[in-house]
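Trainee: Protein chains in written order, with our numbering: chain A, 1 to 223; chain R, 1001 to 1223; chain L, 2001 to 2223; chain W, 3001 to 3223; chain Y, 4001 to 4223; chain P, 5001 to 5223; chain B, 6001 to 6223; chain V, 7001 to 7223.
Treat the hints as calculated values from the structure; they're not laboratory data. The reader is advised that the hints may include incorrect statements.
[To be verified] Pulled from the structure, derived: some chain A residues nowhere near chain L, Cβ distances all over 10 Å:
#1 Pro25
#2 Pro35
#3 Leu46
#4 Lys47
#5 Lys48
#6 Trp86
#7 Asn123
#8 Glu156
#9 Leu194
#10 Gly199
[Stated by the list, open to error] One side of the interface only, derived from the structure: several residues of chain L facing chain V at Cβ under 10 Å:
#11 Leu2024
#12 Ser2031
#13 Gly2165
#14 Gly2199
Yeah, the Cβ is synthetic: ideal placement off N, Cα and C, and Gly gets one too.
Number of protein chains: 8
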Amino acid sequence: MPEKYIDELNYAMLDSSREERTGLPEVIYCSGKTPEQVAGIAEAILKKESFLLASRASREVYEALRAVAPEAVYYEQARTAAVGRWKAPRQDRLIAVVTAGTSDVAIAEEAAVTAELLGRRVNRIYDVGVAGLHRLFARLPEIREAHVVIVVAGMEGALASVVGGLVKAPVIAVPTSIGYGANFGGLAALLSMLNSCAGGVSVVNIDSGFNAACMAVKISGIE
Amino acid sequence: MPEKYIDELNYAMLDSSREERTGLPEVIYCSGKTPEQVAGIAEAILKKESFLLASRASREVYEALRAVAPEAVYYEQARTAAVGRWKAPRQDRLIAVVTAGTSDVAIAEEAAVTAELLGRRVNRIYDVGVAGLHRLFARLPEIREAHVVIVVAGMEGALASVVGGLVKAPVIAVPTSIGYGANFGGLAALLSMLNSCAGGVSVVNIDSGFNAACMAVKISGIE
Amino acid sequence: MPEKYIDELNYAMLDSSREERTGLPEVIYCSGKTPEQVAGIAEAILKKESFLLASRASREVYEALRAVAPEAVYYEQARTAAVGRWKAPRQDRLIAVVTAGTSDVAIAEEAAVTAELLGRRVNRIYDVGVAGLHRLFARLPEIREAHVVIVVAGMEGALASVVGGLVKAPVIAVPTSIGYGANFGGLAALLSMLNSCAGGVSVVNIDSGFNAACMAVKISGIE
Amino acid sequence: MPEKYIDELNYAMLDSSREERTGLPEVIYCSGKTPEQVAGIAEAILKKESFLLASRASREVYEALRAVAPEAVYYEQARTAAVGRWKAPRQDRLIAVVTAGTSDVAIAEEAAVTAELLGRRVNRIYDVGVAGLHRLFARLPEIREAHVVIVVAGMEGALASVVGGLVKAPVIAVPTSIGYGANFGGLAALLSMLNSCAGGVSVVNIDSGFNAACMAVKISGIE
Amino acid sequence: MPEKYIDELNYAMLDSSREERTGLPEVIYCSGKTPEQVAGIAEAILKKESFLLASRASREVYEALRAVAPEAVYYEQARTAAVGRWKAPRQDRLIAVVTAGTSDVAIAEEAAVTAELLGRRVNRIYDVGVAGLHRLFARLPEIREAHVVIVVAGMEGALASVVGGLVKAPVIAVPTSIGYGANFGGLAALLSMLNSCAGGVSVVNIDSGFNAACMAVKISGIE
Amino acid sequence: MPEKYIDELNYAMLDSSREERTGLPEVIYCSGKTPEQVAGIAEAILKKESFLLASRASREVYEALRAVAPEAVYYEQARTAAVGRWKAPRQDRLIAVVTAGTSDVAIAEEAAVTAELLGRRVNRIYDVGVAGLHRLFARLPEIREAHVVIVVAGMEGALASVVGGLVKAPVIAVPTSIGYGANFGGLAALLSMLNSCAGGVSVVNIDSGFNAACMAVKISGIE
Amino acid sequence: MPEKYIDELNYAMLDSSREERTGLPEVIYCSGKTPEQVAGIAEAILKKESFLLASRASREVYEALRAVAPEAVYYEQARTAAVGRWKAPRQDRLIAVVTAGTSDVAIAEEAAVTAELLGRRVNRIYDVGVAGLHRLFARLPEIREAHVVIVVAGMEGALASVVGGLVKAPVIAVPTSIGYGANFGGLAALLSMLNSCAGGVSVVNIDSGFNAACMAVKISGIE
Amino acid sequence: MPEKYIDELNYAMLDSSREERTGLPEVIYCSGKTPEQVAGIAEAILKKESFLLASRASREVYEALRAVAPEAVYYEQARTAAVGRWKAPRQDRLIAVVTAGTSDVAIAEEAAVTAELLGRRVNRIYDVGVAGLHRLFARLPEIREAHVVIVVAGMEGALASVVGGLVKAPVIAVPTSIGYGANFGGLAALLSMLNSCAGGVSVVNIDSGFNAACMAVKISGIE
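Full structure from sequences and hints, please.
Mentor: Now the structure itself:
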């Protein structure tokens, strides 16, 4: 299917309207794509754009990417690769990325790095889970400074509700698949967050730091 | 337990800090409470506040409420009762409430009425599901005017993704329990929305127009 | 099957060893039994014992019970009927029954009434959910006095983890089926509690205030 | 069990009536079979037939197959091996295979290759998901030319509903297991497609491009 | 919202393009709509069209419908109301509606009545489940005459696979919620049909005779 | 814990009453046990018994077993190791092991080998799934000779119902985890078999050829 | 559809071969059928047979049945109606029906009455659940006399495993939907029984006393 | 983020209040943490404390730990590493750790080792599952000596209910993921234990020997 493949790259050129429509740049979601496919799409995008972001990028994908864009940077924990930085409006706006535990950090980094690349200031506040609330209270003033709060938590995901009851900013909850057996791949934290008793909490997909960042960037772009 | 009950009302007085902490007023969630309990809590709140909102209120609950607050208003479709209107900042901000079908209107009304009572302008755009995309496109300019978009959809919930790919505003998706058998009480739409391929979509609980409104009010309150 | 039925009552007489074996008296679980069956079993038990407890008893069951035991008392919210009070060891021990919301009170009452009938002191601390943590902190000294803490919560059940991180006593978590759609009949709170990040929390069945009380009575009976 | 094995091959000879009964040739489903078993069955079929199709064939299976049928061809992405091409009626009929993303291409190729081998013309239209509807609209005239449309999509699977509302041809939806956590191995897309608000959409098993092709071939064989 | 309501009816006028786009007329799905809403929409449609179909219509809905369209007919078992009959192409094409048991007849009637109203000939072949295969074989010649076969089955849904292995026509499987406990509201039959070992079987939502009919009408409309 | 381990082996000696109680010999279930543990238990059993059966035995386990029992035999497909053959009553009784496909053979072999080792005659009838019923009918006379029929099937598991409607012998259904995505690890076949419309079908755990054989041996041991 | 209905009754005449094929008589499963349909089918059967059994029969169904068969008998708890008694071979064989609790008796009666009507002797042993094992041991000698044991249990269904480890007869386990929240309509007992650690236990559908009886009758009919 | 990392270690110093609050020392949960992270946190804790416990520790983690704490001990089966032993009150109290099978021993060891390190006496009673109740009865006197009983069981988890009906001590049930297909990763045992018919049983997460030990230590610390 060589012609098809070129069509696909042609398409990539055609979607330069995504930013215009949605206020967010086009991004390559690497899961299920070969390194060659990612590199090909990246090459096409970079012909027209100076910024590129690839989510769920393995190191192998990054190597392929670097072949077409030597200036590409790789954020290992965040599994994110990028070229340049997006010119976002409202760079003054601040996003707090909060985790319940150290084990949630990889997903939090995906959110934080993505938000930074998309032009926001980020404050990382990690390991302040509800088993030791004083840790959360110690950082609460910082969290309250943010315009949007992303809460990343596995296990029972209770941190989202607790933070939701303490801050004025909207809270985006990211359930993670961290935990013992009945976590069921993040289902426990997901259901917990969806049922939050605190108002002003909404939820993205399990382990999806990337989607949380997109939502946070859109929210904090409001004029 | 008459003493306990009074304690509870005492507590209600004590939580006057909710608004200060979270930027949203205290609200009575009526499910699982007797009309008498709702009325008792309402009476205690109204001693201190001029605004009251009761979600998931049956007509029976409303009657009990009117006994202690004759000026209370009832929004039948939205199952919401209220006294007064909250003094929100940023009343200039606009929320679009969009539904896929007519059957989703009750949940949408819960969102719309709540948002209005909490001080936002609301534009209702109903029955623009993806089975007939031209209906959505006809209303798209209106939707694009909003600062936040709430998408209410049952069945497969595809409207959230489609809208998410067409607007700059953040999208809050509300899955509803409308549909045939394998909808499984809203699970189909819920999973669909959580897996949205469009960036900038987050999700609240099934049939929870109220939570969507809280999130939208918080988002649109950003300075 | 009239002979069978008598056999069944004969058996009831034979299980007088339950108390000896398990340290808890025999109890009638009324779900799925006709009022007549409950009354028949009660009559047989009361020939040998001065104490009787019937859980999940409807008012109709209670009426049938009163026909054979006029001194029976009915606790409506707790759906529990009883004759007398059990002679428990260690009546000095205290159980705190804590709820997240007012809607969880019926299940909490089942736990509290059962524990009281089984010879424990009970302190009810209702409506201290995590959406307003200051309510919990205001009652924390009381909770810390208890030898065992029962936490009853629906929605996301986060209260169990938060309490678990604040007290020395073992925590028994009771998920309730209170909440919006994706609560899935209590599944959300159940999974949340099973995945609690705080050590020293264990869980009983959804809406099972009765089992929580049994566990708490056994724990607080330790010498 | 050497005698049994021969029986099995004898059976294979006996099912030459499948084509007569169902209008589709016998096919080897390779999952759970050893390369030797596949080769043995293939050998028996090829004694009587000039066409052979093996689905879910690994490269290892293909190597074993080539030992008994050197002319066998392997379609790597489609995990499909074949000898010859089936003599189908109505070769004029056209099937469109449409995917939401590049990550769905492997499953789409299974559908497309199978349909081609079974005697249909196929038009591949890849990466036209609902996050950028203009891509879909650009290809819509082509899709509308097809007699049957196969829509392959993971994540929330919304593309099936959108296409279903835009074309006259019947739509066969194939959910894929592509996506983040709450995709639950394709469950999200499966439920989404089953609940499609558009009429004229039916669904096959997760990741089953092969079954979609069989259905499409049967449909497009109608006189 | 009186203005909104009119908008909605305005929209209904605007969707007269559905037939042009999808080859199927607009239909009112009555679940979750009040009888008044259904009647209002029907009135608007009938101003422009001579044919009207309302699915999932209760008798109460039908009464409201008759007030605006006295010639409306009601099919009780099928829960379907209609005015007139749609002018379909290819009225020569035949659809077989096959059920496993008598208990599946209501869903089968929804499929059969819908298909007839949409201009197809229908042959009803009921109660030929796999527990007594001779019943199926006795009717097999009739089933083989059909251009499309709809198989309606609850319990284990095995009939879909068996029919799929015996006919040349494409098979549309409709799982029903008929059965004992572990049927789980039709889930057992749904999964069974999705996993059919026979090629050329696709599946619609649980209890959705309507969607099966739409798919069958689209398939049998192929030129 | 060396003393503990010996206790454990002592216990093994003590359970020589299993055969007396249940009519079946003690068996070692190897999953989750180290090769050393299996060998140790085997050694203890063989001091008292001349027959040994180890289910779910990997080749590694078999090697460890052969060190303590050089005469041990290994059935690779069946993942079963054994020493000797059990002296069963009623060796005249016949068990038919029937599979839907070739992919189900490994589980079927576990059932067949186990039943043979436990003293029954077994007739293997493989690959007679419902997609080609004539294959089943060709073997039906043989199946009807059996005193018990074990049906092993993955995918939709329809074969159990079909066989159940054709034979006088009781049918034991074994769902397998063979199949495409929505098989969900055997859940589809499991639910299908539990919901069988044919009387006289009961079900064992997914992939549990061993339990099917135990049940079949018990049934066919009836005097 | 009056002609259809007659066809259906004609069919009923045709299935007189069920007994010949499966060794069990034809039975009317009443769920989802109207009383009129049941009566019509019954009338057709009784023209040819002297025995009739209707499962899941409501009292309303029974009244309709009595109109065509005045000698019909109704077993209320078992929800079973019958005319006559089937002439079974091996009436000497004994089936034990064992329940964990009094709440499981309705399902147990369905099994017991069905087995008796199908010509077996039945011994009812009710309320011997594992919470008080001495009750089970007191009845164990009786249970050991049976040729087949049916164990009916809700909640955690542990009784099936315990009985399975104590008797030589094959055990048929019937999960019931009795229990608190996380029973999930019988799912807990179902999974528990499928995972029984005792060999020689197989499982039928939730609450399906009828299927357990069919299996038990088939097993105990073995020569 | 080197500064962040130090913050994190700073936090570790700050949570020295955990013991004061909850009566249990701080513990490192190693899942999802790199060996370097674990070692870093351990180093910080050991600056202030003489006791350290790391759960879910791989051998690789242990090696990293030994680099900062050469006296660290590793319990392989229990996947637990430790430095020193905690000074618990009430070292006279005894915990019985009971397993159904040998395959459950790894989880049981996690419970037993943790409880010992936290200052309790432990009696291990392994492989006394309900398939052979005499094994349990042989050890029952020992079990009855314990102040708390931990029951570890996979498959159907029936042992928890049986023990719950035989002892006065509170029972903590730990479901394990050991078993065949429909165990669904421990779900079967989990639901079984939550639905236990015996009073005084509560449940922790699947495979979570660690949480069971924490609960048992808290319970047995009651004065």
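Trainee: All hints are to be evaluated individually against the structure, with a verdict given for each.
Mentor: Each hint tested on the structure:
1. Pro25: Fine: 32 Å to the nearest Cβ keeps Pro25 (chain A) off the interface.
2. Pro35: Its Cβ never comes within 10 Å of chain L, the nearest being 36 Å, so this holds.
3. Leu46: Holds, because the least Cβ-Cβ distance between Leu46 (chain A) and chain L comes to about 41 Å, which exceeds 10 Å.
4. Lys47: 44 Å, holds
5. Lys48: Check passes; 41 Å lies beyond 10 Å.
6. Trp86: The assertion about Trp86 (chain A) holds, with a minimum of 34 Å to chain L.
7. Asn123: Check passes; 22 Å lies beyond 10 Å.
8. Glu156: Glu156 (chain A) not clear of chain L: closest Cβ-Cβ about 4 Å, inside 10 Å.
9. Leu194: 5 Å, violated
10. Gly199: 8 Å, violated
11. Leu2024: 5 Å, holds
12. Ser2031: 12 Å, violated
13. Gly2165: Since the shortest Cβ distance to chain V is 6 Å, the answer is holds.
14. Gly2199: 3 Å, holds
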